[in-house]
Structure formats: C-alpha cells, structure tokens
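Asks: Take a look at the letters that make up each chain.
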Amino acid sequence: MSDTKLDDPRQSNRTLLVKLGVVVVVMFGFGFALVPFYDQICKATGLRDIDNPDRLENSQVDRTRTVRLEFDANVHKLSWTFRPLAQVVSVHPGEMAQVVYEVENRTERPMTGQAVPSYGPQLAAEYFKKLDCFCFAKQSFGPHERRQMPVVFVIDPRLPRDVNTISLSYTFFEVEGN
Amino acid sequence: MSSIPHDHAAGHHVDHDHAHHPSGTMRWITTTNHKDIGTLYLWFSFIMFLAGGVMALAIRAELFQPGLQLVEPEFFNQLNTVHGLVMIFGAIMPAAVGFANWQVPLMIGAPDMAFARMNNWSFWLLPFAAVLLLSSFVVPGGAASAGWTLYPPLSVQTGMGMDLTIFAVHIMGASSIMGSINIITTILNMRAPGMTMMKMPLFVWTWLITAYLLIAVMPVLAGAVTMLLTDRHFGTSFFNAAGGGDPVMFQHIFWFFGHPEVYIMILPSFGIVSTIIPAFARKPLFGYASMVYATASIAILSFLVWAHHMFTVGMPAAGQVFFMYVTMLIAVPTAVKVFNWVATMWKGSMTFETPMLFAIGFIFMFTVGGFTGLVLALVPVDIVLHDTYYVVAHFHYVLVAGSLFAFFGGIYYWLPKWCGRMYDETLGEWHFWTSFVFFNITFFPMHFLGLAGMPRRVPDYATQFTDWNEVASIGAFGFGLSQLIFLYAVLKAIRSGPPAPAKPWEGSDTLEWTLPSPAPYHTFENPPQVS
Amino acid sequence: MEPKGAMARQAMKAAKQLPKKMAGIAALVTALAPALALAAKEYNLQAPVTPVATEIFDLHMYIIWICVVIFVGVFSVMFYSIFAHRKSKGHQAAQFHENTVVEIVWTVIPFLILVVMAVPATRTILAMKDSSVPDMTVKITGSQWKWSYDYLDDGFGYYSNLKTPVEQIEEGKPKGEHYLLEVDQPMVVPVGKKIRLLITSSDVIHAWFLPAAGVQQDAIPGFVRDGWMKFDKTGIFRGQCAKICGKEHGFMPIVVEVKSADDYAKWLAEHKKAAAAAADDPNKVWDAKELIARGEKIYAANCASCHQPTGKGVAGAFPALDGSKVVTGPKHEQIKIILNGVVTNGQPTAMVAWKSTLSDIDIAAVVTYTRNSWSNHTGEAIQPAEVKADRS
Chain A
1 MSDTKLDDPR
11 QSNRTLLVKL
21 GVVVVVMFGF
31 GFALVPFYDQ
41 ICKATGLRDI
51 DNPDRLENSQ
61 VDRTRTVRLE
71 FDANVHKLSW
81 TFRPLAQVVS
91 VHPGEMAQVV
101 YEVENRTERP
111 MTGQAVPSYG
121 PQLAAEYFKK
131 LDCFCFAKQS
141 FGPHERRQMP
151 VVFVIDPRLP
161 RDVNTISLSY
171 TFFEVEGN
Chain Z
1 MSSIPHDHAA
11 GHHVDHDHAH
21 HPSGTMRWIT
31 TTNHKDIGTL
41 YLWFSFIMFL
51 AGGVMALAIR
61 AELFQPGLQL
71 VEPEFFNQLN
81 TVHGLVMIFG
91 AIMPAAVGFA
101 NWQVPLMIGA
111 PDMAFARMNN
121 WSFWLLPFAA
131 VLLLSSFVVP
141 GGAASAGWTL
151 YPPLSVQTGM
161 GMDLTIFAVH
171 IMGASSIMGS
181 INIITTILNM
191 RAPGMTMMKM
201 PLFVWTWLIT
211 AYLLIAVMPV
221 LAGAVTMLLT
231 DRHFGTSFFN
241 AAGGGDPVMF
251 QHIFWFFGHP
261 EVYIMILPSF
271 GIVSTIIPAF
281 ARKPLFGYAS
291 MVYATASIAI
301 LSFLVWAHHM
311 FTVGMPAAGQ
321 VFFMYVTMLI
331 AVPTAVKVFN
341 WVATMWKGSM
351 TFETPMLFAI
361 GFIFMFTVGG
371 FTGLVLALVP
381 VDIVLHDTYY
391 VVAHFHYVLV
401 AGSLFAFFGG
411 IYYWLPKWCG
421 RMYDETLGEW
431 HFWTSFVFFN
441 ITFFPMHFLG
451 LAGMPRRVPD
461 YATQFTDWNE
471 VASIGAFGFG
481 LSQLIFLYAV
491 LKAIRSGPPA
501 PAKPWEGSDT
511 LEWTLPSPAP
521 YHTFENPPQV
531 S
Chain S
1 MEPKGAMARQ
11 AMKAAKQLPK
21 KMAGIAALVT
31 ALAPALALAA
41 KEYNLQAPVT
51 PVATEIFDLH
61 MYIIWICVVI
71 FVGVFSVMFY
81 SIFAHRKSKG
91 HQAAQFHENT
101 VVEIVWTVIP
111 FLILVVMAVP
121 ATRTILAMKD
131 SSVPDMTVKI
141 TGSQWKWSYD
151 YLDDGFGYYS
161 NLKTPVEQIE
171 EGKPKGEHYL
181 LEVDQPMVVP
191 VGKKIRLLIT
201 SSDVIHAWFL
211 PAAGVQQDAI
221 PGFVRDGWMK
231 FDKTGIFRGQ
241 CAKICGKEHG
251 FMPIVVEVKS
261 ADDYAKWLAE
271 HKKAAAAAAD
281 DPNKVWDAKE
291 LIARGEKIYA
301 ANCASCHQPT
311 GKGVAGAFPA
321 LDGSKVVTGP
331 KHEQIKIILN
341 GVVTNGQPTA
351 MVAWKSTLSD
361 IDIAAVVTYT
371 RNSWSNHTGE
381 AIQPAEVKAD
391 RS
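Taken in sequence, the protein lines are chains A, Z and S. Residue numbering for the first sequence follows the working numbering, starting at 1 and increasing by one per position. Residue numbering for the second sequence follows the working numbering, starting at 1 and increasing by one per position. Residue numbering for the third sequence follows the working numbering, starting at 1 and increasing by one per position.
Don't read these hints as lab results, they were simulated from the structure. Keep in mind that the hints are not guaranteed to be accurate.
These stretches of chain A come out as covered by chain S in the derived footprint (C-beta under 8 Å, 3 or more residues) [stated by the list, open to error]:
no.: 1; region: 15-22
no.: 2; region: 28-42
no.: 3; region: 146-157
Lysine to aspartate or glutamate pairs mimicking EDC-like chemistry, simulated, CA-CA at most 16 Å apart [unchecked claim]:
no.: 4; chain 1: S; residue 1: Lys388; chain 2: A; residue 2: Glu145
no.: 5; chain 1: Z; residue 1: Lys199; chain 2: S; residue 2: Glu98
no.: 6; chain 1: S; residue 1: Lys193; chain 2: S; residue 2: Asp262
no.: 7; chain 1: S; residue 1: Lys273; chain 2: S; residue 2: Glu386
no.: 8; chain 1: S; residue 1: Lys193; chain 2: S; residue 2: Glu248
no.: 9; chain 1: S; residue 1: Lys336; chain 2: S; residue 2: Asp262
no.: 10; chain 1: Z; residue 1: Lys347; chain 2: S; residue 2: Glu386
no.: 11; chain 1: S; residue 1: Lys175; chain 2: Z; residue 2: Asp467
no.: 12; chain 1: S; residue 1: Lys388; chain 2: A; residue 2: Glu104
no.: 13; chain 1: S; residue 1: Lys194; chain 2: S; residue 2: Glu248
no.: 14; chain 1: S; residue 1: Lys129; chain 2: A; residue 2: Asp162
no.: 15; chain 1: Z; residue 1: Lys199; chain 2: Z; residue 2: Asp112
no.: 16; chain 1: S; residue 1: Lys388; chain 2: A; residue 2: Glu108
no.: 17; chain 1: S; residue 1: Lys336; chain 2: A; residue 2: Glu104
Fair warning: this is a prediction, and the values are worked out from it, not measured in the lab. Heads up, the beta-carbon is just placed ideally off N, CA and C, and yes, glycines get one too.
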C-alpha cells in the first residue's frame, strides 16, 4: 500500500539497467578492440606481418631443399609501372638473396606510395624474413621518375617441409606524402 | 484509486480503463502500456514485411526469365540489399519484440515491462529508422547496393544511400538494445511470486536468452558500421589495405554479430512453437529442462561459429576445421529440440487448428533448413555452394518457413486474447496451406539452382538455370498473394469475429489464459500466486 | 458455452480434414512432379573434372543420404503421431513429460552421426591443401567487371571480357548456348598438370568460382590468395564471379579451356609471340583505320553495356556519345574523363576511372573510334603518346 514496497523493485530494476548498460558499452568497445586484436592474431599466426625488418635467428643454409619463389607486383589505381626484374627465383632456406623491383611514376606530378606485401600461402609470411625492403617505408617519386628497389631476404629454414612454392606479391597504393 | 484487482471477470472494466488514457493518435504516440506497444510493433513489422515482400516480387519478376527486362542491374542490387535489411531489421526482429511485449508480462504475471517509457522510445525509433532506410532509394546514387552484409571495399565506394543505411542500422540497433534491457529486467525482477526461473513458460526463457544475445552483439554491429562510416568519410583505413587495414577484418567483425543475429531471429520462434505444441497436444512440453539447456547451448555456441560464413576468404585449413566442427555441433541441441517437440506430440490428443498447422509446418521445414545448414557447414561442400542459390534456399527455409511461420502461428494463437475475438478457422487454414505450398514451390528449386552453380545476387543468369527460376518466380507471387489472406483474416477477426472466451484453446495452461478476452488494459496489478 | 461449442465443432472438423488435405497435397505434388522433373535438367552438382571436385561430389552424396535417412525416420514418427494420436480419433493424452535416459540417448546419437560426417569432410579439407610442386602459376585478378589472367612464368597476360552481345541481354534477342558464360579470351591451361592460382583484385572483393573444378576463392584487393587445380580431362569449363562487386557482378564470367599438353604448348608459343608483337613501340604512329578497328573492339567489351552499341546511352542514366559535346569537342577533355572517371558532388559515379585497366593504345583507339562513329566525324586519330601525356 505504501511507497516503500514500490521502491525496492524500482531500485533493483534500475540497478539491473545500469549493469546491462555497462554490458552494452563494453561490447561496443569490444567491437573496436577487435581491430588491434585481429592484428595481433595475424602477427601471432604469421598470417600477415607488414612493415618491419625481421630478425633472423638461424642462418644455417639448408641445401637439402629448394624453395621456388614467385614475385608479383600490382598497382592500386595508380598510373605507375611496377614490376619485379626477376619473376621466379629458387633459393635454399637460410640463404640470403635479393630481388629487385622497378617502379616508374608515369605521371607529371610527384607522388608517394606504400607497398603492401601479401604472401601465398599466407603462412609463408612468418618464414619470409625481409632484412631490407622498400615496403618498410613510404616511397616518394618525382614526375616520370624510375627507380629500382631491392628486397633482401632469407627464407627461414623452419619453413614447413610441405611448402615448396611461395609467392610474394606487392600492391602499391597511393598515400599522403611526407 | 480502487484496489479491486482487475484481473478477473469479463469485459465491463474496459470502460473504466478508457477514462484514464488519451485516445486517438495521442494514445498511440504516448503509450507506455506493453499491450499497446506490442500492437504497434506487430503492425509495424507487418507493414515492413509487405514492403520487403514487394521488393522480393520485383526481384523474382526480373528473374522469371533470363535477360534484363524490368530493372537495371544497379537497381536490382539495391532491391536485394534493402529487401534483406527490411526483412531482418524491419519485419522479423520487431515482430519478435511485439510478441515479447504482449506476452512476457502476461506470462510471468507482471503488470507491465520494467521500463515503460523506454519501451515507448524503443518502438518509436523504428518508424524513423524505416523512413531513413526506405528513403535511400530516392537519394542520388540510390539505396545501398552491396548486399545486406555491406562488405567493404564495395560498401565504401557507393553513394550516400549507404550512409542513410548506416544511420538506420544504428537507430534500429539502439531500439533493439533498449528493448532487450527492458525484457531482461522484466523477466529477472518482475516474475509473480512462486514463479521460479524453471517454472517460466519456455517462450519467456527463449526471449531471455535472445535478449542477452542482442545486448552482446548489436553493439558490435554498431562498431562495424561506424568503422565503415569513418572509412567512407573520415580518412580511416580499417578495411583498406593501403592504410594497413584489411577488408576481411570487416567480415570477421560483421559475422561475429551476424551469426548470433540469426539465432536472435529464431529463438523466439522456438519459444512460440514450444507453447503451441503442448497446448494443441493437450500434453505438457516434453523435457522442459532439456529445452532450456538446449536453447542456452545454442546461444553460447553461436558465438563460436561466425567464420563459417567466410570459408572461401582464404582461411588456413586449421581455421576451417575448427569452425566446421563447432558449426556441426550446434546441430546437436537443435536436434534435441526437434525430438522434444515430437515427443510432446507423441501420445497426445491433438487437434489441428491454424496455430498447430503453422507449428507443425515449422518443425517440418525448419528441419529441412537445418539439414541444408549442415551440408553448408562441411567446408569442402561449402566451397562449391558458397554464394550460390543453395544458401538463399537454406536461409529462407529457416527464416520464412521457420521464424515467420512460427509468428503466424503465434498470432492466430494469441489473437483471441489480444482482441477478444476469434479468427475464421477456414481463412486461417487457407492461409496456411497456400503459404506452405507456394513457399516450397518458391524455395525448394533454389537448392537445385545452387547445386548447378547459379551465383547469388545476380539480375540475370545462364539459360540452363531458366526452368527452376520460372518455377520459383511463380511460387513467389503465389506466396505473396497468400499473405493477403492473412491480412484479411486478421482484420475480419478484429472487426467482426465471434467473441472469444478467456480460454479458447483447451490445452493451454499459461497465465494469460486466466485473464478475460480481450485482456484488460491493465492486468496483474496485483501479482497472481503461482503454485 | 455457445461460442466454445461452435469452436470445438470447427476444431473437430479441421482435425478430421487434416489427413484428407495432406493426402490431397501429396497427390498434387506427385502429379506435377514428373512434369517438373522432366522439364528441369539440373538437380545435382556439376560433373566433377578434377580430383578435388570428385571428392566434394562424393562427400555431398554421402551426406545427403545420411540426412535423408534421418529425415524420413524422424518425420515418419511425427506423421504417424499426427494420424494416430488425434483427439478426433478419441485418443486420450498421456501425461509423461520427461525422461533423462531418452534425452541422453538422443543427444549422443546425433553427436555420433556428426562424427561420422566430420571424418571424411576433414580428410577432404586436408587433401585440398595438396602441397606438391606446382607445374605452373597463373595470376588471376578480378576487376570491376572482368577477370584478367597473367601467366607469370611466361611473361604475358590478358583481360577476359564477357562476349555475350548486349542485344541478347537487354533487347530480348535469342540467346546463345553459352549466354552469359562466354568470354573473348578464356584462361587456357594444360590437362593433368598442377596449376597454382594466385588470386587478387584490383578494386573490390570478387570471387573466382569454377564449380566443375571444385574451386572458389575470394579475390581481395591488396592481398593474394593461393589455390590450385589439376584437371582430369580436356574441355571447356565455365563459372562466374561469386561475390557481389557492383552493377555488373552477374556479367563477369570465367571460362577455362583445358588443352592437351601438345595443344597447350602450341597455344603458349602463339601467345608469347603475339604478346611480344603487341608490346607496342610507344613511338609508333598509328593510322586512323587501325585505331578505329581496335577501338571498336575495346568499345564493345568495355563501354557498350552502358553507352550502348548505338552510342545512344540510356536516358537519365548513361549519357549518349553519339552527338555528345564531350566526344566532338576538345579531345583532351574526353581522354581525361576516360582516364579519371566522373565524380559528381564528391560521389563516384558509374563512369569509373580506366587509367589502370586500359593501356595508352587502347584508350587512344577507343577515343578515335567514338569520335569517328555514328554521326560523329571529327576525323581525328589519337596517338597513344597523347594519352600518356594526359595521365597526371
């Protein structure tokens, strides 16, 4: 009959409302947290790592096997020519090697691009150790400038034995210059 | 005010109620009454169902023959996209909330929802969102056209119709979240004394679990479409490889929402079927506790299977194997539910009025959809069926012959309680049989089209797909026309159906049937005692 | 009392008629079924032409049989119950409502059935990973709205455009046998060799789908995805893009021609020679007739779907080129539109940028063609060097 009887359920309703509201906010944050989470998982599984030089622990050359490397180049909506000078190379795991890519800016204006690597199979990313690569930094080109840029790398001998072919593909995207 | 309980004796208290509430349009705009709001949700969802249905008929009309006869491919993609968004966010989900609003307080003996005013806001957000979504057809560039799944980079490319869609999704999400908070609080805090959790009707359980799923995943969808919005307009690169992002990440975030979403759309229907079968078999639901655990298991597992929508994206084999196994596992609690329903029917004393027809139709055809889902769960088979018409067949079986049929059953079942009048049983049966036959004519051939290799979301097709497309289009128009029978049946009942008794269904035993028909405006202001 | 009695009678009538109705439906379907079955040709997966596709086909049949057996079993029980346990037949309702043993049994048995399905499926997933050394690699790039194939080992590549004439699609002309599944230059591979596929996209997500080979792989911009296939037999096999990618998603088919080793070697040699010849000297001066002939092909493959073969466009959607101010006005305006596309009020339009898809000579050719066709007679011949100069 009095108000005290109503207060109790109203209070517990309000408390639950707040608790559930917190859940909603946390899940919204979780959605955004999935972004760095996804990056970390990709790095941890070796599926995708992009920008940094790799450290090589084991430099023992494994001459019992060769790995066939295919090099591929793409431009994303750019009037550039971008090609590897050698398309197929065979290496032993542990052996340091170099390939050269050539880029030409075919336009009249200075442009800056970023090359993003991608590997087939994806797990090869973890074993393809790049010691020097033009993909680590944005690359600026003047009008009609043409440059050759190296990638120095080693295939980690821990590469699973059933992987005998790796494709390294770069896609050049235009980005804001420095 | 009077302390005489209103919850017994028939109709004469109705006049008493009118004196306290606004009438006409203001009543509907300002109402905080769970019955009114339930009615609003249900009518809104039906209007959206018809709108989405017209889009489907336009799609099937174009696909009747190979060649482009009626619409441009770009507009076709818009129809496809908005059809999906309208049916999911405008028809199925609001209808489910409408059922929750009407039935949850009645079934637990509560006077109303926990937060009555928030309940009003939850509803009125929806027509606003619907206007945003539907008006996207007439803005420059037209409506969103990347499919309801909105994958970037395509969805980052398209015109402002996508932005309207993103805003509409945000608003509909907010509505769902508020509604779910309301439902959870009502169920946990406002049950009549004596109604323990394990005495609640199964419909209440399925909505409790659905509401938890909603508050867990709708915010994730909000995050995903916000990231699309900022990629489109504010220079972020969540899904753009150029900036270090990844279009596949959208798919992961989206389907983390998307898979629980499909269970959100089916669990309330499981609850309705679990109400109707025992009532018409005149026998208690078999394995109540088992049904509760099965529903909870399905909900928990639904968080672990999202990548089965992405088997062709280039996932490592280990990932494919994991998601395949967990997806197959969901078949177990689902099968348990089907067996429990059949066991409820077994050795009952059944009659087959319209609600029961729809419930049995649900069990039969939801199971077909479940089997095709199992086929799709197998990665190697999915490789040749992904993004084909086989998938279209699968999800229409579970959502239309599943969810929607259960909703139809629920409306015929509860209409006497809501409006105090009986529907015409002959009309109801006509609605069921025509819907059942035309549904199968429309969607069963789509399995064959998918197996034969016809892709989804195409306005035209190679000539070997013609025959089944013709059959499907004929079925679609039949199915669409059949829904007019439903509209007529409901309107006829409301206007001039014979008065319904408090308990028109002999075998029903939940609290709402202790109330007069129609249920008075305010009910259970003093909670009933539950034994 | 009165309403209840009437309703009860209605209910009894409904219940008695249910079996009759179900029998009626069954009769109707049985009568129509042969007609439908004869009319339609497709019921199952396409005939497999690779070992992977064969495994997939067999796995699918195995699963279907298991599902059919379970389905028939469960619904026999349900329909028996519907017929036997009816109130109208006088059956009284039992009141049992739980049984833990039964619940456990019908939880464990489905689980075991799933294991029986999962074992062969897992084996097939692992077989699809095949890691033997590939014999050749083809890079497949999806664009809006065509595929391109690059033979990385042999240094050439080409676009593969839909070949079905617009008149068949939009004007109701009689459709060819391979309507929507025919291209100007198919992908060509040798039989029996393991072909490595590197799949990527130049714009949005597409998917390369060849059902008879059991291959479907998303094409994701900025990333390569690898796959493989090995054909058991020669022949021509067709598929389509399987991920919505914009307005022409349904019009970018895939055709793979599998040749014997000898025929493939011949084809390869011819193509390498033609590719070398077509590696155009940038300083060559082209004459108008060559440009117009080449431009007509470019136009048909890339422009006609919107601007129409007649050059008349579609009112309100795609501008007419015949008599257009752009096409008859200063040539650099038209070249720039083709290179960079058209953006209106900050929104991209259906006129995309072609600078990455068409070479200088191709753009020069199509510009020359449009300026000298229909009622346009500017008499100009555009050289590739002019297009190159406009790329900025």
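Asks: Could you run down the list of hints and mark each one as holding or not?
Replies: Hint check results:
no., hint, in the structure
1, 15-22, "violated (count 0)"
2, 28-42, "violated (count 0)"
3, 146-157, "violated (count 0)"
4, Lys388/S / Glu145/A, "15 Å, holds"
5, Lys199/Z / Glu98/S, "15 Å, holds"
6, Lys193/S / Asp262/S, "13 Å, holds"
7, Lys273/S / Glu386/S, "27 Å, violated"
8, Lys193/S / Glu248/S, "33 Å, violated"
9, Lys336/S / Asp262/S, "45 Å, violated"
10, Lys347/Z / Glu386/S, "86 Å, violated"
11, Lys175/S / Asp467/Z, "15 Å, holds"
12, Lys388/S / Glu104/A, "13 Å, holds"
13, Lys194/S / Glu248/S, "31 Å, violated"
14, Lys129/S / Asp162/A, "10 Å, holds"
15, Lys199/Z / Asp112/Z, "19 Å, violated"
16, Lys388/S / Glu108/A, "10 Å, holds"
17, Lys336/S / Glu104/A, "20 Å, violated"
Hint compliance for this structure: hints 1, 2, 3, 7, 8, 9, 10, 13, 15, 17 are not met, and every other hint is.
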